[in-house]
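There are 2 protein chains.
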Amino acid sequence: MMVNAKLDMDDGRRRAVIERITPSIDDGRFAAKRIVGDAVVVEADCFTDGHDAIACLLLWRREGEAAWHETPMAPLGNDRWRGSFAAQSVGRYHYTVIAWVDHFLSWRHDFARRIEGEDLRVGALVGAGLIENAAQRAKGGERTRLKGWAADLRAVPDAQALRTLGLDEELAAIATRYPDRRFAATYPVEHPLVVDRERARFSSWYELFPRSASPEPGRHGTFRDCEARLPAIAKMGFDVLYFPPIHPIGRVSRKGANNALVAEAGDAGSPWAIGSAEGGHTALHAELGTLEDFRRLVASAHTHGMEIALDIAFQCAPDHPYVTAHPKWFKWRPDGTVQYAENPPKKYQDIFPFEFESEEWRGLWQELADVIRFWAGEGVRIFRIDNPHTKPFRFWEWAITELKREYPDAIFLAEAFTRPKVMHRLAKLGFSQSYTYFAWRNTKDELVEYFTELTQGAGREYLRPNLWPNTPDILTEYLQFGGRPAFIVRLVLAATLGANYGIYGPAYELLEATPRDPGGEKYLNSEKYEIRDWEREAPQGLSELIARVNQARRDNPALQSDASLRFFPVDNGSLLCCAKSDAELENLVVTVVNLDPHHVQSGWVELDLAALGIHATAPYQMHDLLSGARFLWSGPRNFVQLDPQRAPAHVFALRRKVRTERNFDYFL
Amino acid sequence: MMVNAKLDMDDGRRRAVIERITPSIDDGRFAAKRIVGDAVVVEADCFTDGHDAIACLLLWRREGEAAWHETPMAPLGNDRWRGSFAAQSVGRYHYTVIAWVDHFLSWRHDFARRIEGEDLRVGALVGAGLIENAAQRAKGGERTRLKGWAADLRAVPDAQALRTLGLDEELAAIATRYPDRRFAATYPVEHPLVVDRERARFSSWYELFPRSASPEPGRHGTFRDCEARLPAIAKMGFDVLYFPPIHPIGRVSRKGANNALVAEAGDAGSPWAIGSAEGGHTALHAELGTLEDFRRLVASAHTHGMEIALDIAFQCAPDHPYVTAHPKWFKWRPDGTVQYAENPPKKYQDIFPFEFESEEWRGLWQELADVIRFWAGEGVRIFRIDNPHTKPFRFWEWAITELKREYPDAIFLAEAFTRPKVMHRLAKLGFSQSYTYFAWRNTKDELVEYFTELTQGAGREYLRPNLWPNTPDILTEYLQFGGRPAFIVRLVLAATLGANYGIYGPAYELLEATPRDPGGEKYLNSEKYEIRDWEREAPQGLSELIARVNQARRDNPALQSDASLRFFPVDNGSLLCCAKSDAELENLVVTVVNLDPHHVQSGWVELDLAALGIHATAPYQMHDLLSGARFLWSGPRNFVQLDPQRAPAHVFALRRKVRTERNFDYFL
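Line by line, the protein sequences give chains A and B. The numbering used here puts the first sequence at residues 1 to 668. The numbering used here puts the second sequence at residues 1 to 668.
Chain A extracted, bound-state conformation:
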């Protein structure tokens, strides 16, 4: 960063300047994220001193490719340039920008403004020299043509003919292909880009405790039981089936039901207290089944259009084999015990965290990466990472980058509910998706502010929100007190505000709403600590509505990404209206939700028709994808009334074309 005192730098003649490349996360320290097939649009401020013309190229390559691909950039005005390339495959890319003062282009611009005869002649000679230089760089027929052009420019005596010759467009196009790039300036930071498969941007998660999957009350669920449940989960429209940890559960300091400090005989313990004499993070809890059963389940899920996502919780029960095999991976206290996890006065006696400042940190990092590598080897590609914010950021950056080099289709979801900058750092360093504060954003103002920030703030380039209305740890007050309408409202919000969302079931579709403690948000008789027998076909259950919501998501590209989200005014603070569209504004979905689960609310929705590409006066059809009802709207302001007991939300497909007499055969 020091400005060199000596004149030994090579760049004194590099007159072009490149600034403010976008996308750019911390000046290229971290990768922007895109999906395979996306056009990666890159912009930069490029300019030079004086009046000379410049040329700019976008340079890009897949990691591992030796040479840059080059794509011309076009000026947008105000010294801003834009180019793009197609992200054709998953993996890591880099891009930067090169620019140079182009003397041929400058000459051409200048020559076009020359009027007088003598002036034209000298100008033509200058151009001939530049074109001869370009000919030296050209090959074959193009070289010959450029040489001929230069010779003609030196020979033609007639001013008008000289003008026409000098400004020949076809010859100029050839010369432009052979620029003098000796003094080209390249932006010094090669910006990284991560290209993921589509599921990183659009996914519908269903969280299930396999041990509760048994159809027989009292029997421990198995992978075979999960297999049997696949059709029902697929029918609801989910494409990611996520399991809490499936490894042996520690016996030492095991927690009892409802997080009791001492387990009773037969208590199942928390699946997050990983490891026992039977094994650790690469072993399976024996009662769930064998590795063979697990493989079968993974394969079977695929046939139902689903993937199994595993929970990666890097922590150990006191009897995890690591504790004796690698004592330096833990923090030992002066009393000879290992420091268990705690956040005084809260204590987690059944869990030992790793000591990442250990002098054996390299071995620990390798082992942890190998855990994920093991499950990737078993066909798992989606990992929900438990509490990543309690392990070093640098570890995740290294592990995710390395693992994605081997498995570029891997997806990592960061389960961090913590401070904003920590959440953002995790997303920046490589997590594909991130849990959010959605569970605690309930009012209209909260939702509008938070989702505007998520979809339009700096994080839009690297943080993909994944919205969960509930988790095994989070039963919000809104769900506790709002009844069935609250569950519908939060489902519709999650599924339409977020292209990625998930529910923890069957608690969600069965409307489980009883907290362990008044004022708390933990479930009573939580599956974290005991096996639950779920009533399968509750008459009030939401399975069918969930299926309709997920179908709407599948049918409408608008709902499959977040960048287009925008909110529209409604003159009632309980009604929220938002819309999403695809890039071409061909598919439009407008959601209107009554956030009040107790009362009928109505109001006037005010759409920004111009932004949605709708004619100001033509009518348009609003097709409610939940109820099937169709409404004819026109103009920006239209009336909506939502009864929470009947239907607390509309998810409208907006159709611009309404049939008129012009569509009628005889009209033509």
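In silico DSS-like cross-links for lysine-lysine, where the CA-CA straight-line distance does not exceed 30 Å:
#1 A:K444 to A:K522
#2 A:K331 to B:K139
#3 B:K421 to B:K346
#4 B:K147 to A:K331
#5 A:K347 to A:K331
#6 A:K522 to A:K235
#7 A:K331 to A:K421
#8 A:K421 to A:K404
#9 B:K331 to B:K346
#10 A:K147 to B:K328
#11 B:K421 to B:K444
#12 B:K147 to A:K328
#13 A:K421 to A:K444
#14 A:K522 to A:K346
#15 B:K404 to B:K421
#16 B:K331 to A:K147
#17 A:K139 to B:K331
#18 B:K522 to B:K444
Derived by calculation from the structure, the hints in this document are not laboratory data.
Keeping the supplied structure of chain A fixed, place chain B upon it in accordance with the hints.
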């Protein structure tokens, strides 16, 4: 930028993260600017994984100092930290931030929350170990005290006594002075900072053609004549007296009066056509006087509280000695002539630009830097750089940085009227002040938008505006058609919106307003091409008003910087109201200007009293520093009427304290 595939990095245990340092210009690529005596406030996002406490220090040093100074940073909430250091001398500084996970601080936070006896005992032992480590790093008496503290923590049996001992504040302060910084993370970019003397932020310029300074009509002005004019210019309150080039003027292709292509015998030529047989950029135009005269003038200006600023125009007349001595510094055309400056169809036949892509660019750079070095050697410290945007950015960055290493009190004003990003680049790379678009911002909306951007946009850290209502090249339409009121309006705006401003005189104070061409903005009979005899004491002249405006600037710190500028609403589009304050809100200046030079305008000004630190109901005094009149205002809304023929502007000193009966001796 590649994430390292191998685990050979040393930073696996550096868990602290540092992001988003401010001020930061292009992530430390360029220097922020401050004035000697300023507190340099630096902020950063600093955090770590998990619950551990961190400590952050601001590291700073003057260029050349081997070791960093360290200043503690304090948390502001939301993981933002702030620290500051005093910029005690002019020159170049660097700063960055270091942060680490502080196990002693974490332990102390944790220990305070421990309740049970056994828990306290183990906690005390953990603390004792950390304190013993700190003792190893400490010296002398502090080492002894820490050792004693650790021993006591191991020995004390009573829980309450242990708590008190563990939380001892004095001992904690000692331990905190010896942190374990083995795994500290330092932000990798050392951010540069340029500290200038105060005149870089606050200056009042007067531009004068020395050749027109003669009191005898028809005689060529001299440095001696300029010396005689110093008292009058000082009386107007200016502190920078800026001369167009004072070097030999080329004879070849010399321009005549009013830019005539062919000069007549005796025509003076443009001072910007530099160089003749008599010499070039380090020579003096003989008719102005000798180097001895110039030195006398420089010294004499100082005794009047003024500095001489020179015009650095890096271009040559065709007969400049460089052209024959260094032919490769110019661009030769196929017809054997040098390419003169042009912007077709405009031509500047009397000026040869340098060819910066010359293979002899190193020699050219050195020579040009030496030109400035020469004049710096003659005591000049302020340089107005002519058209810097037509020379390579990299040249200026090198030259200014090098010259300021030798002359850290040097000030460079960029005379660039060009595209916004080019203007910003020049300011970023080192220019101390910048000309602006002020001359073409006349309406209220234009002024509010532009000056809000200048004082609150990204440029506030590096671009110091210098406002000129006129220059020898710019006689705006507003001045041409607005008469005396227009000259007053633009003077007051320049002098109050900008802590740095200047006028080109005597054209300005003598209200010169005749353009060369209708619709153009060039002066008729411009001093650029001929010597003018100015009528000295015009009865309608603005000298006295200018003196009052400059006196207001000197008396009021509020007007000596730009950061505090804010605008207030007036319910009349012709009235502009703005205010500036010092950092402590002790000195407040409110300007109200009638932008309409033709009609009386009146309206209600609405001050933001809270922002100005004024009590909502108490009256306050508005003392017009131009007319001397005093008004008593109260509340946010007050009436103003401005008659352009009498006084088109108020420059109010706002005084909070109005005398009441409580100030009366007998009241006490």
